[in-house]
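Colleague: Using the sequences provided together with the hints, build the complete structure.
Protein chains: 2
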Amino acid sequence: METKLQDGFEERLAAHAARVEDELRRLLDGRERSGEIARPERLLAAMRHGVLNGGKRLRPFLVIESAALFGRSCDDVLAAAAALECVHCYSLVHDDLPAMDDDDLRRGQPTVHKAYDEATAILAGDSLLTLAFDILATESSDVPRNAITPRQRIDLIKGLATASGIGGMAGGQALDLAAETAKPDEQGIITLQAMKTGALIRYACEAGAILGGATFAERERLAEFGSAIGLAFQLADDLLDLTADTSSMGKATGKDAAAGKATLPSLHGTDWTRKQLRGLVGQAHELLEPFGAKAATLRQAATFIAERKS
Amino acid sequence: METKLQDGFEERLAAHAARVEDELRRLLDGRERSGEIARPERLLAAMRHGVLNGGKRLRPFLVIESAALFGRSCDDVLAAAAALECVHCYSLVHDDLPAMDDDDLRRGQPTVHKAYDEATAILAGDSLLTLAFDILATESSDVPRNAITPRQRIDLIKGLATASGIGGMAGGQALDLAAETAKPDEQGIITLQAMKTGALIRYACEAGAILGGATFAERERLAEFGSAIGLAFQLADDLLDLTADTSSMGKATGKDAAAGKATLPSLHGTDWTRKQLRGLVGQAHELLEPFGAKAATLRQAATFIAERKS
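Chains A and G, in that order, give the protein sequences.
If you're matching positions, the first sequence starts at 1 in the numbering used here and goes up one per residue.
If you're matching positions, the second sequence starts at 1 in the numbering used here and goes up one per residue.
FYI, nobody ran anything at the bench for these hints, they're computed from the structure.
A couple of the hints might just be wrong.
In this list, chains with the same sequence are indistinguishable; a pair is considered to hold if it fits within one copy or across any two.
With a straight-line Cα cutoff of 27 Å, these simulated BS3-like cross-link-like pairs (lysine-lysine) come out [what the hints assert, rightly or not]: (1) K183 with K114; (2) K261 with K114; (3) K114 with K294; (4) K261 with K294; (5) K275 with K56.
Modeller: This is the structure we're talking about:
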């Protein structure tokens with residue numbers, strides 16, 4: 001059973017993205033954060049180039065909406081949402097490097113190593129990753145003191161590190177680079193994608209639960225919801241890589257096939273993939289049931305992710 | 001007034017290094033940490049190559065000895081000390097890359113991108129940085145519960161992020177790369193070095209104070225001690241680059257001059273540098289005075305850093 005996108009979802013996504021963009025702009029302005037000695041100008045400009053690129057800010061959106069289930073305001077969780085986006089953007093900056101995926105374009109703009117240079121792109125990625133943990137460990141003057149407890153901050157930091165390190169996103173990228181020659185089987189592809197893209201989307205939903213003071217069971221349920229939509233996200237991405245063209249994506253497409261990399265859609269075809277996507281959306285909606293009407297936006301997000309065209 | 005190195009200092013340094021090496025080996029074994037999906041073998045091997053290289057483990061030593069001033073055992077602070085070493089090693093792996101300093105040798109062994117490949121070296125560095133924050137956010141079963149409070153963990157994470165991000169180590173490396181053409185003046189060189197090498201050594205001492213439950217004033221005093229020996233460390237390094245040969249250093253020397261990079265020793269000469277080093281050691285010893293006899297090992301550390309021959 002499909003849920004049709006209701007009026008207002010894309011507007012809500014765009015409104016959150018604008019808030020996140022403002023927060024990222026503030027975090028990456030010229031002013032030093034507490035304890036910083038200086039912010040070298042060119043490095044900061046490269047970080048801004050890698051982050052302030054008009055992205056959909058899907059992961060922060062999931063943080064904000066998951067936290068909203070528990071009555072947390074966007075203001076309270078905006079910094080944590082922005083921290084997660086810094087990690088996502090760092091991964092794009094490093095993945096685009098010549099030694100990795102060697103991409104010249106990202107969202108229609110030159111990638112960071114093209115606009116600056118390789119060394120600066122490496123350091124910009126490093127600094128964005130580091131900044132994310134700085135943000136999560138910092139009490140913001142905009143948020144009521146103790147609105148986020150030290151215990152919650154630790155859980156956010158632990159979760160982000162686990163999702164993005166060797167056992168998550170970075171490890172998934174290593175497996176992905178190896179996939180050209182190693183030719184993983186279906187289970188290998190599933191593991192690779194759960195690590196490379198799934199872990200951070202799962203974390204986005206779990207982070208919202210942590211920020212909301214969820215019970216263990218609720219937190220686990222939102223993490224599972226994140227896993228389902230994370231896999232849907234990847235399937236939709238691979239489907240687009242098979243079927244869309246470069247101009248509508250703002251980046252090179254058909255690269256998986258050119259690189260000899262198998263994906264689930266390339267193994268099973270487009271009909272199978274669309275069926276899987278419907279199944280994942282159904283599963284995601286089921287996981288949200290205990291939250292009732294409050295979860296309407298997250299339900300729409302699951303549908304949006306599975307049906308996205310770019 | 002110089003303090004002569006007493007018998008036993010280098011043995012103590014080596015004994016701590018062995019403990020840290022064991023801890024790092026344990027952190028980088030094949031077993032997944034809580035929440036990790038898998039540890040891709042080649043990436044893990046590259047991380048081990050970049051870390052388990054027989055380093056002196058000076059920064060962890062400073063954490064352990066600073067914490068010991070407040071009666072904390074090595075067992076209690078070993079994980080935090082190892083986390084800091086992961087960040088130091090990540091920075092070496094990335095600095096050695098062809099796009100950065102382009103070094104083939106590190107401690108007489110092939111650098112990570114030489115032993116593996118560039119993409120793996122980038123991801124190994126990324127994963128080591130991420131692992132450091134994972135470690136700091138994780139309660140170890142080897143340490144009594146609540147021996148380190150969530151508040152202390154937050155302070156450790158915030159301090160590490162600040163010391164290693166754009167406003168610290170990574171920013172310093174960006175300035176260092178630019179120094180070949182930008183030709184910084186004396187103040188520029190001092191800022192560059194306070195960021196590139198000073199910040200992490202300063203943090204090492206401050207982290208010990210945090211772990212020890214120090215007062216604000218004590219913490220500040222140890223951070224200042226760290227700044228003094230951090231500058232001494234860099235001056236001694238630059239002096240060695242001017243005067244030593246490749247075989248005794250296990251890495252290329254004379255590179256600063258070849259790259260047209262000015263250092264304080266190259267601007268002011270060796271006599272001036274040795275005088276500065278004596279002054280910094282004196283300043284470091286003065287900062288330790290309130291801690292009395294307990295600080296004997298840290299006093300020796302300051303002398304050791306200023307007088308080191310490799």
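Colleague: The structure should be examined with respect to each hint, and the outcome stated for every one.
Modeller: Going down the list of hints, with the structure as the test:
1. For the identical chains of this complex, K183 and K114 are inter-copy neighbours only, at 24 Å across copies versus 30 Å inside a copy, given an alpha-carbon limit of 27 Å.
2. Taking the closest pair of Cα atoms, K261 and K114 come within 27 Å of each other both inside a single copy (25 Å) and across two copies (26 Å).
3. When the C-alpha separation of K114 and K294 is checked against a cutoff of 27 Å, the pair qualifies neither within a copy, at 44 Å, nor between copies, at 53 Å.
4. Taking the closest pair of Cα atoms, K261 and K294 never come within 27 Å of each other, the shortest separation being 40 Å inside a single copy and 60 Å across copies.
5. Taking the shortest Cα distances, K275 and K56 sit within 27 Å of each other inside one copy (25 Å), while across copies they are farther apart (57 Å).
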